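S.K.: Sequence:
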Amino acid sequence: MKITISSISSKNIWENFIQECRPNTFLHSWNWGEFQQELGYKIFRFGFYYNEDLAGLALFIKIPARRGTFLFCPHGPILKTQDPFSRQEILKSLLKTSKKTTLLEKCQFIRFSPLMKDSDENKMIFKNSGFRKAPIHIHPELVWTLDISPSEEEILKAMRKTTRYSIKKAEKDGVAVIKSSKINDLEIFWQLYQTTASRHHFTPFSKKYLQTEFEIFQKDGQALLLFGQYQGEIISGALIIFYNGIGFYHHGASLAKYTQITASHLLQWEAIKEAKRRGCWLYNFWGVAPEQAPNHPWASLSLFKKGFGGFSESYLLTQDYIISPFYWLTFAVEKVRKIKRGF
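End of the sequence shown = 388 in our numbering, gap-free, step of one.
Derived from the structure by calculation, the hints contain no laboratory data. Please note that a few of the clues may not be correct.
[Said to hold, decoys possible] Restraint ranges, calculated between C-beta atoms of paired labels, are given here:
(1) 169 x 253: 39 to 45 Å
(2) 290 x 169: 48 to 54 Å
(3) 164 x 125: 14 to 20 Å
(4) 260 x 318: 20 to 26 Å
(5) 290 x 245: 29 to 35 Å
(6) 260 x 385: 17 to 23 Å
(7) 227 x 183: 27 to 33 Å
(8) 169 x 250: 30 to 36 Å
Predicted, not measured: the structure shown is a model, and the values here were computed from it. Cβ coordinates follow ideal geometry from the N, Cα and C atoms, glycine included.
Using the sequences and the hints, build the whole thing.
M.R.: And the structure:
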C-alpha cells in the first residue's frame, strides 16, 4: 500500500473531503486551523494520498508549552477508510512525516486526540505504531449527543420530564432567548463566562481566545451566541458552533443568583431548534462525566445535558508518541495536574 503525503493549502479541498467523512468535528476544520494561527500557533495541514486519491487529512498544531513543546492533532486524523489495516498503514506514514516535522520544530512528542471509537481494535492501531496513552486529555473523550432529525415534538417527548418542565417554566417566567452573530456581543458573554469560571473553579479561556474563535467561525456563518434574558438582565449564554451537519455546544455561562430561573434549559432548547433550522442532524453537548462518577467536577453539568435525551459517544483516549526522553518530565507534570483537577 503506497501512500504519499503532502501539504494542503486549499480550503475547498480540505472541507470537501471532510464532508465525505464521519465522524468529524470542527476541531479539524479549516477554520480551526485559521483560529489557531490567529492565536499565534504554527500549524501544519497534511493530506495523504493512495493511488493519487485523497485518503485522509491531518491538522497539526505546534504547542510551545513550558512543560515541553509538542505537535498536537485534535480530533484527527480524518480518514475515509474504516479498514483497520489501511488505517494503521496511513498512521505509520503520517507518523514518519510528522516525526520529521517534530525534529525541525524541536518538539518532544506528538499527541493525537483521535476521533475513533474507544475499541480494542483502534487501541491496537496506535499501540502497534509505538504510541502510549497520554497522562491527560485536552479535549473531551466522552461526549453527549442528541439525534435532532425527529420532529420538535418527538425530541421534547424523549426528554427527561423535569427538563421539559424546566423549559416550560422558563417560558412562563418570561425568559427570552436572544440570538446574536455580532462580535461586539461577545463582551456580554465574556462577563458571564468569567463569573462562571470563578464560581466553578476552572481556568477560563482568554477573552482573545473566545473572540477569535467566534469571529473566524462567524465569517462562514458557523457561530452563534445565544443569551437568556430575564427581567431585562442577561443571566445565561452559550456559544454554539455549527459544522458539517452538527451543532456543538462549545462554551456556556450563567449567573448564580437566578438558580430558580431555568433559563439555561430554554436556551439549550432554542439552540437545538436553531441547529434543526440550519439542517443539522445532530446536536453535540460536548463533554460529560463518566457513569458512576458522582464526584466528577462535571457531574451536575452532565446531569443537565443528559436531561435533553440522547446518547454518549466514547472516543479513544489521547495518544502520545515519544520523540525525546524529556517527555517524561511532561508526563509527570500532567499526571499531577490530572490528580489536582479531579479528572
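S.K.: Next, verify each hint and record whether it holds.
M.R.: Tested hints:
no. : hint                  : result
1   : 169 x 253: 39 to 45 Å : holds, 41 Å
2   : 290 x 169: 48 to 54 Å : violated, 30 Å
3   : 164 x 125: 14 to 20 Å : holds, 19 Å
4   : 260 x 318: 20 to 26 Å : holds, 25 Å
5   : 290 x 245: 29 to 35 Å : holds, 31 Å
6   : 260 x 385: 17 to 23 Å : violated, 33 Å
7   : 227 x 183: 27 to 33 Å : holds, 30 Å
8   : 169 x 250: 30 to 36 Å : holds, 35 Å
The structure fails to meet hints 2 and 6 from the earlier list, while all remaining hints are met.
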